[in-house]
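**Q** Here is what each chain is made of, one letter per residue.
Number of protein chains: 2
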Amino acid sequence: MDLNRIQLVTDAFPCFSLVPEAAWRHPDITVERFSTQLTMQQGHLFAHAAFVLSGKVRIYIISESGREVTLYRVQRGGVCVLMMASILGETGYEASAQLEEETELLLLPVDVFKDWMDHYKDLRQFIYRNMINRMVSVTSLVEDIAFKPINARIAELLLRRTTDSHNHLSITHEAIAIELGTAREVISRSLKEFEKAGWLQLGRGRITAIRRDALQEKLFPSDW
Amino acid sequence: MDLNRIQLVTDAFPCFSLVPEAAWRHPDITVERFSTQLTMQQGHLFAHAAFVLSGKVRIYIISESGREVTLYRVQRGGVCVLMMASILGETGYEASAQLEEETELLLLPVDVFKDWMDHYKDLRQFIYRNMINRMVSVTSLVEDIAFKPINARIAELLLRRTTDSHNHLSITHEAIAIELGTAREVISRSLKEFEKAGWLQLGRGRITAIRRDALQEKLFPSDW
DNA sequence: GTGAGATTGGTGAGTAAGTTACAGAAGCAA
DNA sequence: TTGCTTCTGTAACTTACTCACCAATCTCAC
Chain R
1 MDLNRIQLVT DAFPCFSLVP EAAWRHPDIT VERFSTQLTM QQGHLFAHAA
51 FVLSGKVRIY IISESGREVT LYRVQRGGVC VLMMASILGE TGYEASAQLE
101 EETELLLLPV DVFKDWMDHY KDLRQFIYRN MINRMVSVTS LVEDIAFKPI
151 NARIAELLLR RTTDSHNHLS ITHEAIAIEL GTAREVISRS LKEFEKAGWL
201 QLGRGRITAI RRDALQEKLF PSDW
Chain B
1 MDLNRIQLVT DAFPCFSLVP EAAWRHPDIT VERFSTQLTM QQGHLFAHAA
51 FVLSGKVRIY IISESGREVT LYRVQRGGVC VLMMASILGE TGYEASAQLE
101 EETELLLLPV DVFKDWMDHY KDLRQFIYRN MINRMVSVTS LVEDIAFKPI
151 NARIAELLLR RTTDSHNHLS ITHEAIAIEL GTAREVISRS LKEFEKAGWL
201 QLGRGRITAI RRDALQEKLF PSDW
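Going line by line, the protein sequences match chains R and B. Quick note on full-length UniProt numbering: the first sequence kicks off at 1 and runs consecutively. Quick note on full-length UniProt numbering: the second sequence kicks off at 1 and runs consecutively.
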């Protein structure tokens, strides 16, 4: 790692600021670039802790029948807690990861990572915070799946992914289904209802004219 | 904390072994006993990190409509990660906690806890391990809720809570529903089917003559 | 361009699960 | 015993998931 790279990394991860230049010289610390749509199974990555410098990684689980649920996403400045679980060897559990964009990862060998965790408080706190945040987000995913009707979850997704000035979206019904952990048909039917209600317009691979106000009001009545 | 108590605590939590006696003298470190069925909301506990010395705590979430899902349980030698999230002030999220048995907690003031986390590697590793395990268990809960049919989840619960030599259980349908995050009627129906199939016998507040082999075989066919 | 193949979306029919609304049975306490 | 509470059973209805299939649209090699 040259000085330039170290700077780029600490820009994304201030928790590394106190790591001295010498420590970065370890030959197995690298930055690698991976291309879109790569689906990671267990591979050489698992001998490393991965820190996301750019791009987007989707962490998800998949059932025997092939249905998926997205657990969370990791972007610039984030780490994958579940991957870390595998790395630290605490469990055989493994989620899957898919690169949704071209992604750059800082790869720290496990022993370096463990060593740095012992020495740098900032890094420790960063990892804590990350774990806690993931814990909270997965917990509220449980809440959503267990308690919320599917059309409310679809509406939430549409609201999250649009703004009042950008009220359309390029996404397939299948992709929404995978995101929410349900079947494509269920999404198609719900979206059709939304269209009939005049809240949006359906096209192949895209949803347009999304009336965010209507979605908001109908699905989360005033007092929310 | 007297020497006696310190010994009891480190028996349950070896991660404290290297904490010197002097550090335990802090006046706000206490062991408190709480009685069964107490449901904890935010209270004085949240100025402390709680370590479970005995008893059993159920951590769960509850919807507006009153339905619950059990996230996990904490017993002797465990800590509650979500409570820790509140404590460390990283998030406003709060799950609920219910004492299922009379429970003894070691209460460490937040500042003491943070200080010890900086100084004792064993404690840090213990907390990591705990966080990771919870993460994994909540993740597999997502998997169960999203993918597994309800009768398989009921069967799993019955199998988990019985042994071949202890093939009965005192539990209400309501309690199972709360555990799994569904409605009581759903449980009653499934259990009735199980009874009709001859896999168990239903009584008020109890399930007897559970044929574990049958549950195992029928719901997770051989190749699992 | 055109035709083949892949991707995406629509729909009907059947099953599973969650909801609503009661009613009956079992346990408990006065 | 009586009355109250808790627990269970059941029917009818709605929502969600599954299975099967087809139609529409896009892609790409030719």
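The hints are simulated quantities; they were obtained by calculation from the structure and are not laboratory data. Just so you know, these numbers come straight off a predicted model, no measurement behind them. The reader is advised that the hints may include incorrect statements.
Intra- or inter-copy, both count: the list cannot distinguish identical chains.
[What the hints assert, rightly or not] Here are the simulated EDC-like cross-link-like pairs (lysine to aspartate or glutamate), alpha carbons at most 20 Å apart as the crow flies:
{"no.": "1", "residue 1": "Lys56", "residue 2": "Asp111"}
{"no.": "2", "residue 1": "Lys114", "residue 2": "Asp144"}
{"no.": "3", "residue 1": "Lys148", "residue 2": "Glu21"}
{"no.": "4", "residue 1": "Lys218", "residue 2": "Glu64"}
{"no.": "5", "residue 1": "Lys192", "residue 2": "Glu102"}
{"no.": "6", "residue 1": "Lys56", "residue 2": "Asp115"}
{"no.": "7", "residue 1": "Lys218", "residue 2": "Glu104"}
{"no.": "8", "residue 1": "Lys196", "residue 2": "Asp118"}
{"no.": "9", "residue 1": "Lys56", "residue 2": "Glu179"}
**Q** Hint by hint, which ones does this structure get wrong, listed from lowest number up?
**A** Hints 1, 2, 3, 5, 6, 7, 8 contradicted; others consistent.
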